[in-house]
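Protein chains: 2
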Amino acid sequence: MRTIDFALDPRLQADTHHVASLPLCEVLLMNDARFPWLILVPRRAGLTEILDLPSEAQRDLWQEINRAAEVLRATVACDKLNIGALGNIVRQLHIHVVARREGDDAWPAPVWGYGRAEPYADDSLSSQVALLRQQFGVTQE
Amino acid sequence: MRTIDFALDPRLQADTHHVASLPLCEVLLMNDARFPWLILVPRRAGLTEILDLPSEAQRDLWQEINRAAEVLRATVACDKLNIGALGNIVRQLHIHVVARREGDDAWPAPVWGYGRAEPYADDSLSSQVALLRQQFGVTQE
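Going down the list, the sequences are from chains D and C. Per our numbering, the very first residue in the first sequence carries number 6; after that it's consecutive. Per our numbering, the very first residue in the second sequence carries number 6; after that it's consecutive.
The reader is advised that the hints may include incorrect statements.
Stated by the list, open to error - On the chain C side, residues computed to face chain D include the following (Cβ under 7 Å): (1) Ala50; (2) Glu54; (3) Leu56; (4) Leu58; (5) Ala74; (6) Leu77; (7) Lys85; (8) Leu86; (9) Gly89; (10) Ala90; (11) Gly92; (12) Asn93; (13) Ala114; (14) Trp117; (15) Gly118; (16) Ala122.
These are calculated hints, taken from the structure and not from any lab test. Ideal Cβ positions, reconstructed from N, Cα and C, are used throughout, including at glycine.
Full structure from sequences and hints, please.
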């Protein structure tokens with residue numbers, strides 16, 4: 006069920022590729038080949054904090070965060086998951102789920118604000134998205 | 006109920022002051038006067054990921070994260086909450102709940118790994134902890 010007036014923040018839209026629509030959230034892949042990095046955006050307009058969600062929707066959110074984390078662990082090398090809700094720049098509520106590898110470009114620093122994104126090559130982006138969709142059980146988009 | 010073999014990571018212990026014991030987590034105040042910054046540590050030994058917690062304990066964790074966020078919002082100025090589970094350096098599962106203010110020392114960057122902590126003055130630490138304990142409903146420690 007989509008809330009009518011929800012619209013993805015244009016900066017999130019520009020920086021990501023759509024992976025899947027879960028019951029509450031859109032799942033996006035950050036277009037940064039340095040880090041396997043998903044972003045979950047609840048389809049509710051005007052949200053900035055997790056606390057602003059009704060408690061039932063919060064439960065859905067945590068389940069979907071878990072699901073995204075499991076999908077990442079099943080899809081890519083991952084020494085540590087980094088999960089974060091920041092929103093200091095883009096205020097639309099969004100949750101980062103990032104698979105970190107020891108020795109990755111930013112390790113052990115956080116990925117947020119670290120250097121410049123390195124976009125995926127087209128074929129690499131397609132195959133990564135296909136793999137993720139398969140893990141999320143998305144049959145077609 | 007404390008799990009017998011849980012022990013707080015010595016680095017977390019060194020960097021924080023104890024605020025409260027919730028049903029699942031110890032709540033700690035980061036000794037860094039630049040940012041109002043709580044850390045929640047589930048009293049379970051050997052955990053590194055939220056996913057490793059049984060689902061019932063995960064529900065408790067999310068509730069306690071919410072509670073910590075509400076306490077911060079009620080206690081200090083807060084333009085944006087930053088919530089994060091990283092653990093790239095200290096692997097013991099711990100969740101950061103930070104009250105950010107526009108224009109604070111690191112704004113809009115994340116606080117993790119940003120510059121050097123500035124310890125509270127003793128009286129300021131005591132009054133901050135007292136205020137937080139009152140909000141958590143802790144009557145004595």
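Checked hints:
Proximity of C/Ala50 to chain D is violated relative to the hint, the smallest CB-CB distance being about 18 Å (cut-off 7 Å). Residue-level restraint check for C/Glu54 holds (minimum Cβ-Cβ distance to chain D is 6 Å; threshold 7 Å). Hint status for C/Leu56 relative to chain D: holds, with the closest Cβ pair at about 6 Å, below 7 Å. At its closest, the beta carbon of C/Leu58 sits 10 Å from a beta carbon of chain D; the interface hint therefore is violated under the 7 Å criterion.
Hint on C/Ala74 holds. Least Cβ distance to chain D is approximately 6 Å, under the 7 Å limit. The criterion of a C-beta within 7 Å of any C-beta in chain D is not met by C/Leu77, whose closest approach is roughly 10 Å, and the hint is violated. At about 6 Å, the closest approach between the beta carbon of C/Lys85 and any beta carbon in chain D falls short of 7 Å, and the interface hint on this residue holds. Below 7 Å, beta-carbon pairs count as interface contacts, and C/Leu86 has one with chain D at about 6 Å; its hint therefore holds.
Using the Cβ-Cβ criterion of 7 Å, the hint placing C/Gly89 at the interface with chain D is satisfied: the shortest such distance is roughly 4 Å. Checking C/Ala90 against chain D by beta carbon gives a least distance of about 5 Å; that is within 7 Å, so the hint holds. Checking C/Gly92 against chain D: minimum C-beta separation of about 6 Å stays under 7 Å; hint holds. For C/Asn93, the suggested interface contact is upheld, since its CB lies about 4 Å from the closest CB of chain D, less than 7 Å.
Interface restraint check for C/Ala114: the shortest CB-CB distance to chain D comes to about 5 Å, inside 7 Å, so the restraint holds. A cut of 7 Å between beta carbons decides the hint on C/Trp117: the least distance to chain D is about 5 Å, and the hint holds. The beta carbon of C/Gly118 is positioned within 7 Å of a beta carbon in chain D (closest approach about 5 Å), and the interface hint is therefore held. The interface hint given for C/Ala122 is broken, as the beta carbon of that residue sits about 16 Å from the closest beta carbon of chain D, more than 7 Å.
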